[in-house]
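Quick note, the sequences are listed as chains Y and D, same order. When you line the first sequence up against my numbering, it's residues 14 to 214, in that order. When you line the second sequence up against my numbering, it's residues 47 to 529, in that order.
The hints are simulated quantities; they were obtained by calculation from the structure and are not laboratory data. Remember, it's a predicted structure, so these values are computed and weren't measured experimentally. This list has only true hints and no planted wrong ones.
A partial selection of chain D residues facing chain Y, derived with a Cβ cut-off under 8 Å:
1. TRP144
2. ARG146
3. LEU196
4. ALA215
5. ASN219
6. THR274
7. SER282
8. LEU316
9. ASN329
10. PRO330
11. SER333
12. MET334
13. TRP335
14. THR354
Here are the simulated DSS-like cross-link-like pairs (lysine-lysine), alpha carbons at most 30 Å apart as the crow flies:
15. D:LYS207 x D:LYS256
16. D:LYS256 x Y:LYS197
17. D:LYS160 x D:LYS207
18. D:LYS207 x Y:LYS197
19. D:LYS95 x Y:LYS197
20. D:LYS256 x D:LYS160
The beta carbon of each residue, even a glycine, is placed where N, CA and C say it ideally should be.
One-letter residues, chain by chain:
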Amino acid sequence: MSDVTATARAEILDRIRRATSDRPSPQPIVRNYRTAGTTEADVELFVDRLVDYRATVHRGTPDQIEAILAARGIAQVIVPDGFDQSWLPTIGQLREPLGITELDSAAGVVTTCAVAVAETGTIVLDAGPGQGRRALSLIPDYHLVVVRAEQILASVPDAIAVLDPTRPLTWISGPSATSDIELKRVEGVHGPRTLDVLLLT
Amino acid sequence: MTFLGMPAASLTGGNLDGEQPFPEAARLSVGNAQLRRNLGAATHTIRGKRAAVVSELPDWQELRAAGAAIKDDVLANLERYLLQLEQQVTARGGTVHWARDAQEANRIVTDLVKATGASEVVKVKSMATQEIGLNEALEQAGIEAFETDLAELIVQLGHDKPSHILVPAIHRNRSEIREIFLREMPDVDPALTDVPAALAEAARGHLRRKFLTAEVAISGANFAVAETGTLAVVESEGNGRMCLTLPKTLITVMGIEKLVPTWRDLEVFLQLLPRSSTGERMNPYTSMWTGAVEGQQFHLVLLDNGRTATLADPQGRSALRCIRCSACLNVCPVYERAGGHAYGSVYPGPIGAVLSPQLTGVDRNPSLPYASTLCGACYDVCPVAIDIPSMLVHLRARVVDDKREQHRLPSPEQAAMAAASWTMRDSRRWTRALRAVRLSKPLRGWRLLPPPLSSWISSRDLPAAPAQSFRDWWTEREKSRDE
Ligand code: SF4
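Just chain Y, with the same shape it has in the complex (with noise of 0.2 Å):
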């Protein structure tokens, strides 16, 4: 640490102690909101709000993720390792390592995710096995998430209590979207502007 730095935290440790010198007894934290383990997870609910941001959800088996890249028009696919390779049995496959120009000019990425969040149609990745680094999910226009329907969970607490925050996580709820213009919303601005589901019944 430079010595201006240190002087600086000294100095703002310092002030904190003097501005809390009344010693604040602030209220006990309740947690009597709906904790986790309290509510069901919800599928139709979880689709429910995919489709209300503009996200296609598919539903089947593994099988119909080549018909549902080929009905996009994709003809080659980024493929994180650690996603299962008898899922895609015949398409083109772009595998790391790839570089951002590669990845620039991919036409879609398949992944699969950590958890889901039901109530707010939210899809979590956390860089595990068959998601790959951030970036591969980021930069392609296309993106297609496979869910194991036990991966949905009810909310938001009950996604916080088994992720891993030590992982980067990117929590996905639709596809990118702006409301800077007249809070009009517009699907699809720097993220993948097309958020397909594939949900495994």
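Please build the complex by placing chain D with the ligand on the supplied structure of chain Y, with the hints as guidance.
Showing chain D with the ligand alone in chain Y's frame:
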């Protein structure tokens, strides 16, 4: 009144006060019909969306009470939590820097950027870096900063100032945005229409190269978890993800109050923030990272800039609970008429009226505590239950005291306000007065205000006061808990 042991808010640099006092700046913007139309339409829309998604959650008030209590815990134990955060971030390969004021923070960031050899940086929307005037400081050092949030881009290309915390270009309509893009984006299609999707597409094209080639990104943070060292950025467009993920060096500037004690606490704030701010169940993207990840260099700059001075006032410190959702702006009748620029600070609206004067010291923002009708709508929507009306009354008293201390004779207006504050300082009397306003329609309470504020308030435009205020709800809840 003087607060003993209170560190003086000696600020150097930054964007926390304007050139004109609020009433004069407001008189100008109230006269701008286009601005008022844009603002009115926007705040009404977002208000409705917020109300709808908030009413979906059966436990909203419980979440809100928990959010307030968690933030109060942070403020009461700030030193401990900051040290914990520093330790965690450092243990995971990040570097933590401390900045007493805007100038110091700007110098730290500028030096970090220079050390990488980069002459350009990409930026994710961040209130903290606007507050300290970072872009201007970088420019002086020959470093170009590119705002990547669509609204920030509109503001930057329009050589303009943000007017809302969440939707900084809320004062611009689509045709104005189109004109700005046509004028300022060298590679834009001259046939660009003013359809929002086309404008968003133009922004995508404009920024794509920048994202893919940037060496350094600068962000703010919505939350930092003391227990784990985890930082969180909540956004919509994906520009945040681009900045946080792709560049080799990431510099995050964060106010020291942005902490939460534990990882679990995010379960509260990730519900409170999106619903209060954009009126969505969840914002499209939230990124979380702990220390230096995926081969990046990570620097965290912890910023005081008047926050410890705010912390020192027991009746004002809860302004530091604020999670910058902007719900209070959208319900405020004064904000709706005056617009964000009139407040002269990067923090406009009700929260700005209580936060800016505390960050700078009331002498530098003496008119802001008067920029309110005390209608209480801000308190009712605030997801961390900041009692802004009571705080405004308290700050008015501080303004009057401050003037008196400087041996200036108080104006009749100040004398009247001091008297009013004196009565309102009694919390029971104040609660009764607020309830009376809530229950009576037409709402006569507004007429008590000093001009020009009194003249803006026409009762027909007022948002309906909720049947039960948070204060009433809280009291009842406490009662039923005792039973
Ligand atoms: S004061 Fe409350 S309502 Fe206003 S921006 Fe802050 S958290 Fe949101």
